[in-house]
Amino acid sequence: MNGTLVASLGELTDTVVGLLRTELPDERIVPIADADGVSDGEILVTLRSTEDEIRRALATGVRWVHVFGAGVDGVPLDLLGDVVVTCSRGASSVAISEFVLASMLAFEKQLPDVWLDEAPAQWGTVSLGQLAGRTLGLVGLGAIGIEVAKRALAFEMRVVGLRRRPGPA
0 MNGTLVASLG ELTDTVVGLL RTELPDERIV PIADADGVSD GEILVTLRST
50 EDEIRRALAT GVRWVHVFGA GVDGVPLDLL GDVVVTCSRG ASSVAISEFV
100 LASMLAFEKQ LPDVWLDEAP AQWGTVSLGQ LAGRTLGLVG LGAIGIEVAK
150 RALAFEMRVV GLRRRPGPA
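Each residue of the sequence shown is one higher than the one before, starting from 0 at the first, in numbering that gives the first Met the number 0.
Hints should not be assumed to be uniformly reliable.
[To be verified] Label pairs and their computed distance ranges (CB to CB):
(1) L152 to W122: 30 to 36 Å
(2) V113 to L76: 46 to 52 Å
(3) S126 to L23: 50 to 56 Å
(4) D39 to D112: 53 to 59 Å
(5) E22 to P167: 33 to 39 Å
(6) D112 to V16: 49 to 55 Å
(7) V113 to V16: 38 to 44 Å
(8) K108 to T14: 28 to 34 Å
Simulated from the structure, these hints should not be mistaken for lab results.
Keep in mind that this is a model prediction, so the values were computed, not measured.
All C-beta atoms, glycine included, are put in the ideal place defined by N, C-alpha and C.
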């Protein structure tokens, strides 16, 4: 990279900062708050930054803004000019979709209510419910919505999705 990675570290978890430092051991990582006087900024990594933080990062020479999130909502794009802007859209879609299905299963199977602390007086009295044959409505068919739909279809659910713009299913 040969420059400084300017980071909005206050909003990034210690784990994320640790991963950045591990993956980029030779790079200088500077919090935006300490970026005054930095002239070799190259990348701003952030979850969300204020206009003031963006201005401060641009003053360091940042040419690339990466948002750790699925979109760039809230990023003052009008300030960025020809700076490259990227985001982590889809990076966690499988993990999040698995969590969605786990939550649906937990609700339908009444977990953890049916977990046993001791043997019941009568076995087989719990209604387990099922996802098969049920309808799942998804509002948004971005990376996460599509991954949820794939998993729901594997459970033989009917999937109905709504997206902002028309597109293939």
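Status of each hint after checking the structure:
1. Under the hint 30 to 36 Å, the C-beta atoms of L152 and W122, about 33 Å apart, fit the expected range.
2. About 49 Å separates the C-beta atoms of V113 and L76, a value consistent with the hinted range of 46 to 52 Å.
3. Judged by the Cβ atoms, the range 50 to 56 Å given for S126 and L23 holds: they are separated by roughly 53 Å.
4. At about 57 Å, the CB distance of D39 to D112 agrees with the hint of 53 to 59 Å.
5. One distance hint, 33 to 39 Å for the beta-carbon pair E22 and P167, holds here, with the actual separation near 36 Å.
6. Between D112 and V16, the C-beta spacing of about 39 Å breaks the proposed range 49 to 55 Å.
7. Between V113 and V16 the Cβ separation comes to about 40 Å, which falls inside the hinted range of 38 to 44 Å.
8. For K108 paired with T14, a C-beta distance near 31 Å keeps the hint of 28 to 34 Å intact.
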